[in-house]
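Chains as they are written, first to last, in numbering that gives the first Met the number 0: chain A, 0 to 261; chain B, 0 to 235; chain C, 0 to 637.
Careful, some of the hints might be misleading.
Mimicking EDC-like on lysine to aspartate or glutamate, the simulated pairs with C-alpha atoms at most 20 Å apart in a straight line are [claimed, not checked]:
no. : chain 1 : residue 1 : chain 2 : residue 2
1   : C       : K35       : C       : D471
2   : A       : K1        : A       : D25
3   : C       : K621      : C       : D599
4   : A       : K104      : A       : D138
5   : C       : K488      : A       : D25
6   : B       : K207      : A       : E220
7   : C       : K102      : C       : E548
8   : A       : K104      : B       : D19
9   : C       : K621      : C       : E568
10  : A       : K191      : A       : E220
11  : A       : K104      : A       : D115
12  : C       : K488      : A       : D115
13  : C       : K621      : C       : D4
14  : C       : K102      : C       : E13
15  : C       : K102      : C       : D599
16  : C       : K508      : C       : E627
17  : C       : K508      : C       : E565
18  : A       : K191      : C       : D125
19  : A       : K146      : C       : D410
20  : C       : K35       : C       : E470
21  : C       : K252      : C       : D410
22  : C       : K488      : C       : D410
23  : A       : K146      : C       : D125
24  : A       : K169      : B       : D19
Calculated directly from the structure, the hints in this document are not laboratory data. Predicted, not measured: the structure shown is a model, and the values here were computed from it.
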Amino acid sequence: MKFTLRIWRQRGPNERGGFVTYPVDDVSPDMSFLEMLDGLNQRLIVAGEEPVAFEHDCREGICGSCSLVIDGVPHGPERGVTTCQLYMRRFANGATITIEPWRAKAFPIIRDLVVDRRALDRIMQAGGYISVNTGGAVDGNTLLIGKEEAETAMDAASCIGCGACVAACKNASAMLFVAAKVSHLAMLPQGKPERTRRVMAMVRAMEREGFGSCGNQYECEAVCPKHVSVRFIAMLNREYLRASIMGTRIPARSDAPHGESY
Amino acid sequence: MAVVNGEEREEMNRANEFVDSVGSKLVASLAGLGLAGFVIFHMLGNLQVFEGSDAINGYASFLHDMPILLWTARAGLLTAAAVHVGLTIRLALRNRRGRPVPYALRRYRAASVASRTMALTGSLLLAFIIFHLLHLTVGVIDPSAPDGMDVQGRLDVYGKIVHAFRNPLYVGIYVAGQLALGLHLSHAISSAFQTWGIEHAALDRLFKLAGPGVALFVVLGNLAIIFAVFLGWLHP
Amino acid sequence: MIALDPQVPPGPLEMKWDRRRFSGQLVSPANKRRIKIIVVGTGLAGASAASTLGQLGYQVECFCFHDSPRRAHSIAAQGGINAAKNYQDDGDSVARLFYDTIKGGDFRSREANVYRLAQISTQIIDQCVALGVPFAREYGGQLANRSFGGVQVSRTFYCRGQTGQQLLLGAYSALCWQIERGQVTMRPRTEMLDVIVADGHARGIVIRDLVTGRLSAHTAHAVVLATGGYSNVYYLSTNASGCNVTATYRAWKQGAAFANPSFTQIHPTAIPPAGAHQAKLTLMSESLRNDGRLWVPVSPSDRRSPNEIPPSERDYFLERRYPRFGNLVPRDVASRAVKSICDEGRGVGPGGQGVYLDFSDVIRQQGIDVVRERYGNLFEMYQRITGENAYEVPMRIYPAPHYTMGGLWVDYNLMSTIPGLFVIGEANFADHGANRLGASSLMQGLADGYFILPYTIGHYLAMVNRPPIAEDHSAARAALERVEARLRKLVQAKGRQRTAASFHRALGKILWDHCGMSRCAAGLRGALEVIPVLREEFWRDVVVPGSGEAFNQELEYAGRVADFLEFAELMCHDALHREESCGAHFREEYQTEEGEPQRDDERFAYVAAWEYRDGDTPALHKEPLNFEFVQPTTRSYQ
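Whenever a hint applies, use it, and build me the whole structure from the sequences.
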């Protein structure tokens, strides 16, 4: 198969980027999209040019590294998969394929198609955890969790943190990501003690990173490789409303259970 | 022990001063729902035009006879509109900053036309409402409009309506206004369920249909009046 | 000259860990605040260790080469995690998990370590539940279990097909908490390129900032490596593309012994490579062998489509060779059988690399719906990758390198032969012997990180409390210079324009052929001759575009390939010297007439720990394995 690739090239965060067109032939329909790019890069290296930088790791759809907007859709034309699970047989021979990075203020470009997604980590650091010490946990069966609740929590927890939701959103909002994280922990009894503080802290962290707000358009759900439902955004809104009514203001950061003892 | 440095604390305070986007949306949608409620009420009230001039003029004078209620309602509507417009403009500006470099190519999968044009339909709607107030409430747009009282000495609302919608220019403007209203409402109302965290496996379809349903209801009601006059079914 | 002292506490097996915890010195809380620990890697082992050390009050500096600590390859583990909870009341116990693991490892692991692992397994589940890991539950709300990897009890806990990811997200969230508290400083997109050893102790590391390319030395009171396994030495494996041996290999060159490097596990049911472009192999669940039948055409020249080949002209080779277990023989046996069939030229699919895994019989007997319910997601994945519908034509499968039991040698305290250098998770050699059981890698990573290392490192720090060396200490400068020189060499080597990947692929083929599922002396000697030649060509001909002072993925990759090219020799030395067949290590010379592996406990009941010698072949040291509590037996599946 043959394709014409229009790829966004940008040498650094503060440099001007632009599209460069590369013809590729000799593409097998059994190649994954990333293997097709590997092939292009091998050719560029031998020709003394710099290869196209793109993020990838597990190549089986679970690590969340790969992050390409292909023909205007994050992770490309197939639903429910990551870029690394996309195969060339999905494309028409001879097609022109446009490849861009995730675009959002909160995801600055590092090089070419690689963006900095640490904003998502910082949201998690603001409250996406349960504060329990290692050791001293009670027996796992002491907490009874109904199968349905456990399954719904798992649905939310299946988010792989790739950021496609942000990339797809008209407003570059991270609501689906935050909603998945908040809902996962809010569903479970272990997560309940900190739920008020958590949702407020994570929403505020999201604001600080410069993500937009939710427009309820549900593009995020439509591109999510793990089919995380927008119903979790409703749940996040509910958690937020509940936390607002419960009256916690900005979380006191001094509530960590350690530190004062010595 | 976690240490919060000065810069961070300042940022936290700043975040605290203003309502964040999730809160803004809650408030904006609340105000919007208030406005939507009025729009439904307004349409239903106006349908009395089909019962003749006596009914609608009586209805108007009934409302005008309670000035405290009337002005409270007007003040409430004005506040709701100001809050809704103010917050949504702020959100929209913020959202625009969320993606400084646009995509060269963008394909949508789920977003409806209505949802993608909320800012546009909202702005058109605002312009239309101002026009509508100046036109039929204050009465400064059309100098040829009858500015009189009916035979019983009540405000002749019926006469004004009939006069206005015989003119194709006004019909055109009002139909465009209704289009903006319909699109805006169809996304807004379904969206409000989501914003308020109301989701339910079995009822989700209903919530999704609520927006287009209400929008269609309001728009059809209003268009019925306009076209009834324009096509000559309602006589002066 | 290194000394291997396993530091196993005396006394009965079940008391050893308690005794060690009691005899270990503690660090006072006030002192902990002044102690800095470096943790490299943020998989299950690294993230759980870094978060627990932070919670204990140490200052932790944590490094990973990913953009986020949540992406380490632990996430890809699907099956589950074992624990001797005996929630099913089906006869499980700590002793049974211990015995299964020792036996599964073909009696090449340390009893005391394995017993401790089994003891701690139950605490891991509790800890993960407390952290919010959404384990599968029964309707009554209790934790669900399944049986996994052919064991007779149901002791595997799971989160759908995402167990690794959920356990890692649990550890990552704990890490996030410690980052928020200021106890852990997280440095993503950094790659460790050397260990700094001063006065015989590990005192820091050299890292390259992958965004700016800047090199820097980081010093601390102790260093923990949690850098995973090296299956990618085979080029094609189930590992993520970033997985590499660099951290442990560079530590080896600084004096840490490398144990059993040739013990690599090959998983039988992966999707076969489709062509030279293939970048990785995708694993399919082993459970497929419960209902699928493996076969190839009897005649190597048979090129008909599989559905046209009548049963009489099919060779159901596992059922023929192992009538008792048939298609359900263990991983290593199945993998070897598939490879030998393909080596005979009877393989199917592109390049003859594959055998059929046929579901037509079960579909005929039980209906397509039953198969769809059991394996629907796997069939879907198979179709996505190959474009073939396995309900209609048989699947094709081929073995793939998966996990490495070998790793840096560590004592009972998880410390390497360099004092102050601790190694945890897949990066060490400790608990799986010559073969790992399914659902045990997650258990080991978390046991090391949450529960073992935080105790044992405290003892070291209490005993050896020396302030970190300055970042411009001569040892740090020397390490920086080593790294700089190597990087410069890579960027400057612009010979005949061959890419690093082409060398990696060539190396992978050599190892796969001669140091893969089955090995023989002649093949290994041959490999030891060609690998240095390939390495020489690499340094002469490799082309790495761009500079070292910027984000440069090709430079990162070429550096890893360069280390694989050296490390591969160590694997071959180890495989050559071990003149027996045990677990995943199968030497063709040492098999019964029926083709079964022959273990040699007289001569090889030891851990082979190799010491680096500059300009010379590595030196072998032996840690004898004494089985006080279990008696080695022979595995047989015929």
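Each hint tested on the structure:
1. C:K35 - C:D471: holds (17 Å)
2. A:K1 - A:D25: holds (6 Å)
3. C:K621 - C:D599: Holds, because 15 Å separates the two Cα atoms, which is no more than 20 Å.
4. A:K104 - A:D138: Not satisfied, since the Cα-Cα distance of roughly 44 Å exceeds 20 Å.
5. C:K488 - A:D25: violated (33 Å)
6. B:K207 - A:E220: holds (15 Å)
7. C:K102 - C:E548: violated (50 Å)
8. A:K104 - B:D19: Cα-Cα ~17 Å, so holds.
9. C:K621 - C:E568: holds (19 Å)
10. A:K191 - A:E220: Violated: K191 (chain A) and E220 (chain A) sit about 26 Å apart, past 20 Å.
11. A:K104 - A:D115: holds (10 Å)
12. C:K488 - A:D115: Violated, because 29 Å separates the two Cα atoms, which is more than 20 Å.
13. C:K621 - C:D4: It holds: about 10 Å lies between the C-alpha atoms, which stays within 20 Å.
14. C:K102 - C:E13: The given pair, whose Cα atoms are some 18 Å apart, holds under the 20 Å limit.
15. C:K102 - C:D599: holds (15 Å)
16. C:K508 - C:E627: Status violated; Cα separation ~41 Å.
17. C:K508 - C:E565: holds (15 Å)
18. A:K191 - C:D125: With a Cα-Cα distance of about 17 Å, the restraint between K191 (chain A) and D125 (chain C) holds, given a limit of 20 Å.
19. A:K146 - C:D410: violated (42 Å)
20. C:K35 - C:E470: holds (14 Å)
21. C:K252 - C:D410: At roughly 19 Å apart (the allowed maximum being 20 Å), D410 (chain C) and K252 (chain C) satisfy the hint.
22. C:K488 - C:D410: violated (36 Å)
23. A:K146 - C:D125: Answer holds: K146 (chain A) to D125 (chain C) is near 18 Å, not above 20 Å.
24. A:K169 - B:D19: holds (18 Å)
When the structure is compared with the earlier hints, violations turn up for hints 4, 5, 7, 10, 12, 16, 19, 22 and for no others.
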